[in-house]
Amino acid sequence: MADRKVDKETGVETTGHSWDGIEELNNPLPRWWLWCLYLTMIWGLGYVIAYPAWPMVSGATEGVLGWSTRANVARDIEEHEAKNAPLVTALLGAEMDTLTDDADLNRYAVARGGAVFRAQCSQCHGSGAAGAKGYPNLLDNDWLWGGEMAQIAHTIRHGIRNDTDDDARYSEMPAFGDILEQEEIAATVEYVISLSSPDHDAALATTGSELFADNCSSCHGEAAMGDKDIGAPNLTDAIWLYGGDRETLTYTIVNARFGVMPAWGQRLSEEDVRAVSAYVHGLGGGE
Amino acid sequence: MTATPPPSLYKAQEPIFPRKVTGFFRTFKWWIMAVTLGIYYLTPWIRWDRGVNLPDQAVLIDMANRRFYFFWIEIWSHEFYFVAGLLIMAGLGLFLFTSALGRVWCGYTCPQTVWTDLFILVERWIEGDRNARVRLWKSKWDLHKWRLRLTKWFVWLCIAVATGGAWVFYFADAPTLLMNLLTLEAHPAAYITMGILTATTFLFGGFAREQVCIYACPWPRIQAAMMDNDTITVAYREWRGEPRGKGNVRKRDRAAAEKAAAEAQAAGGDQTARYEGTPYPNSPIKLSGGTATISAPVEQEHGDCIDCMACVNVCPMGIDIRDGQQMECITCALCIDACDDVMDKIGKPRGLIDYMALSDEDAERSGKAPAPLWRHILRPRTILYTVMWASIGLALVYALFIRSDIELTVSPVRNPTYVLQSDGSIRNIYDVRLRNKSGDDRLFHLSLTSEEILRIELEGRDGLLSFEVPADSTVLQRVYITARPQDPAATQNSTPLRLWVEDLSTDIRASQTTIFNGKAAQ
Numbered sequence: 001m002a003d004r005k006v007d008k009e010t011g012v013e014t015t016g017h018s019w020d021g022i023e024e025l026n027n028p029l030p031r032w033w034l035w036c037l038y039l040t041m042i043w044g045l046g047y048v049i050a051y052p053a054w055p056m057v058s059g060a061t062e063g064v065l066g067w068s069t070r071a072n073v074a075r076d077i078e079e080h081e082a083k084n085a086p087l088v089t090a091l092l093g094a095e096m097d098t099l100t101d102d103a104d105l106n107r108y109a110v111a112r113g114g115a116v117f118r119a120q121c122s123q124c125h126g127s128g129a130a131g132a133k134g135y136p137n138l139l140d141n142d143w144l145w146g147g148e149m150a151q152i153a154h155t156i157r158h159g160i161r162n163d164t165d166d167d168a169r170y171s172e173m174p175a176f177g178d179i180l181e182q183e184e185i186a187a188t189v190e191y192v193i194s195l196s197s198p199d200h201d202a203a204l205a206t207t208g209s210e211l212f213a214d215n216c217s218s219c220h221g222e223a224a225m226g227d228k229d230i231g232a233p234n235l236t237d238a239i240w241l242y243g244g245d246r247e248t249l250t251y252t253i254v255n256a257r258f259g260v261m262p263a264w265g266q267r268l269s270e271e272d273v274r275a276v277s278a279y280v281h282g283l284g285g286g287e
Numbered sequence: 001m002t003a004t005p006p007p008s009l010y011k012a013q014e015p016i017f018p019r020k021v022t023g024f025f026r027t028f029k030w031w032i033m034a035v036t037l038g039i040y041y042l043t044p045w046i047r048w049d050r051g052v053n054l055p056d057q058a059v060l061i062d063m064a065n066r067r068f069y070f071f072w073i074e075i076w077s078h079e080f081y082f083v084a085g086l087l088i089m090a091g092l093g094l095f096l097f098t099s100a101l102g103r104v105w106c107g108y109t110c111p112q113t114v115w116t117d118l119f120i121l122v123e124r125w126i127e128g129d130r131n132a133r134v135r136l137w138k139s140k141w142d143l144h145k146w147r148l149r150l151t152k153w154f155v156w157l158c159i160a161v162a163t164g165g166a167w168v169f170y171f172a173d174a175p176t177l178l179m180n181l182l183t184l185e186a187h188p189a190a191y192i193t194m195g196i197l198t199a200t201t202f203l204f205g206g207f208a209r210e211q212v213c214i215y216a217c218p219w220p221r222i223q224a225a226m227m228d229n230d231t232i233t234v235a236y237r238e239w240r241g242e243p244r245g246k247g248n249v250r251k252r253d254r255a256a257a258e259k260a261a262a263e264a265q266a267a268g269g270d271q272t273a274r275y276e277g278t279p280y281p282n283s284p285i286k287l288s289g290g291t292a293t294i295s296a297p298v299e300q301e302h303g304d305c306i307d308c309m310a311c312v313n314v315c316p317m318g319i320d321i322r323d324g325q326q327m328e329c330i331t332c333a334l335c336i337d338a339c340d341d342v343m344d345k346i347g348k349p350r351g352l353i354d355y356m357a358l359s360d361e362d363a364e365r366s367g368k369a370p371a372p373l374w375r376h377i378l379r380p381r382t383i384l385y386t387v388m389w390a391s392i393g394l395a396l397v398y399a400l401f402i403r404s405d406i407e408l409t410v411s412p413v414r415n416p417t418y419v420l421q422s423d424g425s426i427r428n429i430y431d432v433r434l435r436n437k438s439g440d441d442r443l444f445h446l447s448l449t450s451e452e453i454l455r456i457e458l459e460g461r462d463g464l465l466s467f468e469v470p471a472d473s474t475v476l477q478r479v480y481i482t483a484r485p486q487d488p489a490a491t492q493n494s495t496p497l498r499l500w501v502e503d504l505s506t507d508i509r510a511s512q513t514t515i516f517n518g519k520a521a522q
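Protein chains in written order, with my numbering: chain A, 1 to 287; chain Y, 1 to 522.
Same shape as in the complex, but just chain A (with noise of 0.2 Å):
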């Protein structure tokens, strides 16, 4: 320690660091500081027989207050149901149609549905509903099956043909390409998009007005508004599902379409599926 220096104006001896000319004094430390050390030493063994701590081949020691995050966020899910119970209660004895009068229960499911929604329905529908070719958007005002609450839920509850659940909403469309010839397909299509738009051919629309009458009506009704009953769609709209386009129709009258929905009901529990319907009737389209 020979080469120790001290400060002149305070006696104070300086650790030797200069810093353009300022050395930093050599001042002991409070005791007091000390013993904040130890306390936090002492915390310290205290914290890890008492907390989570050692790690070990799988795992960690669990600490003798049994506390973990896990379980934090289990209890916390538990409050957080038991307060919700109440709404939960109200919804599965609410009737469908009128559980909009309920804006409080309305604002409930809604929310609790835009959950379920995004974490079981959009993978098909969309994170915003919007659909995809083949998956309707949920968002407009067209409905194939119907769009009130009731019909909305009974659609998610048994879904669409799938052979999973008796009451699935069930229609199967003839793959007309063995049924018709080219041609009369072709004017099929022309009277098909003659119902919704101005840009076809009249003469070739009005061969396929018969044969629409003779083939399609039975289903897509006379006027081609389609019937919800049988989810046979709306032709005359501005909306379709695979596309309104002459090469579209052609391919879907000569194969046929055949979505398929899984039954929810058979997956989610009642009050999800009650609450996926009011948020889907909420989406803009609701009747």
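Think of the hints as simulated: they come from the structure by calculation, not from any bench. Just so we're clear, the structure is a prediction, and the values are computed from it rather than from any experiment. Idealized CB from N, CA, C, for every residue including glycine. One should not assume that every hint holds.
[Unchecked claim] Which residues of chain A face chain Y? A few of them, derived with a C-beta cut under 10 Å, are: (1) Val110; (2) Ala129; (3) Ser196; (4) Leu283.
[As the list claims (entries may be wrong)] To give a feel for the contact side, a few chain Y residues facing chain A, derived at Cβ under 8 Å: (5) Lys11; (6) Val212; (7) Pro416; (8) Gln421; (9) Gln477; (10) Tyr480.
[Claimed, not checked] Only pairs whose alpha carbons sit at most 27 Å apart, straight line, appear in this in silico BS3-like list of lysine-lysine: (11) Y:Lys20 / Y:Lys345; (12) Y:Lys11 / A:Lys5; (13) Y:Lys519 / A:Lys133; (14) A:Lys8 / Y:Lys11.
Chain A is fixed; fit chain Y onto it per the hints.
Chain Y only, in chain A's frame:
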């Protein structure tokens, strides 16, 4: 090579027994203590009527509902910038005061100073003034000492509990919480907070005291960057006080001076030497040798400081201000009071220890008048701090006044950008959040203005364009705006529009602009 022992790594706290002092600054500090503690303890009990739906506590931080109430002002969590602005103002205010007046925050208003002052006051009431406390500290732990110590600790603890207790009242309805606390029904968070604050108050005010300022607080370090030679701070007029000397030292020196003078006279000197030294209490100097004044060279070297240690004895930080400016000094100005008192007694002018700017030192040493106060205060730096402080203040006040009771936010739903309806019309969806900050449920009417034809509908309102927003809450309303297929808005990329909301009870309106996307948008 001398083997000096290495210095100790740790230092025990040196006990400090501040002596009682009276004077201008002490009185001023008592007033500040009364006002600040009064504000702290009483504020939660002030009532303020806001109607039935809102709390009637004037100052309330409602964590559960994320509201901050301050008399007529209510701040929601999204308006936290007001609090941020106030914090910035507090910071700049500290800069301003520190650059102008040194560590006045530390010396007068810092909670650590105020509570320590209060604790020392209690200590003096119970254990007596400095000398009695020193004796007590040195004495054995007998019954007498235990009784005084326990009494003191008990009173400290009561103050500490009241301090922690007052804090929690800012976060809940005070009368209700007090009843809950007394009946042991309050939330555990209240008891835990009270416990922590009681412990810290007791420990910091009773025992840690100056240790907090010296070792724990970062502010003294930061303040050094804000002070310069023009900063008014507590200082010792070393050129006036030095060399210091106690009475007996002076007596001895005077005797030597008289002797020297007598010898000089005896030697037949006809000097017209003059005595210019400092007299000391109750001992006016009577010079021998008739009318002749004598020269007393040794005596002349004594300054005004009589080394009475009054300034050191009253110091709550345990330092000697005569050593010059030091980090430990919180500029509490008690040494000024103590020294002025002594100067009065010995018939010397006050101000040996005084508030002064270091830049005046040269002028004062050479006997000139110091620069006027305003010259020290009005500096570019203080003016800059003031301007910054005031600008933020004005901006906050302006923001407060233009704040509406209704707040409307419109977020267009862009997933998807538009929805094709079965009749070919184009619909856009908007999430409209309407905030009713008033204390009553209000009915609002929604409408739109645009250069194109657009139709507005509300989800779940049965065709109505009005809906109620309960008091002090926000409603999220899904709004549909539709353009018919033949209208330009349906086909063009974007059509600007303005959504209006009108409070039907007060006719206050608010609006937001947004965009309608047609088929061309994708």
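Going through the numbered hints above, which ones does this structure break? Give me the numbers in ascending order. 6 and 9
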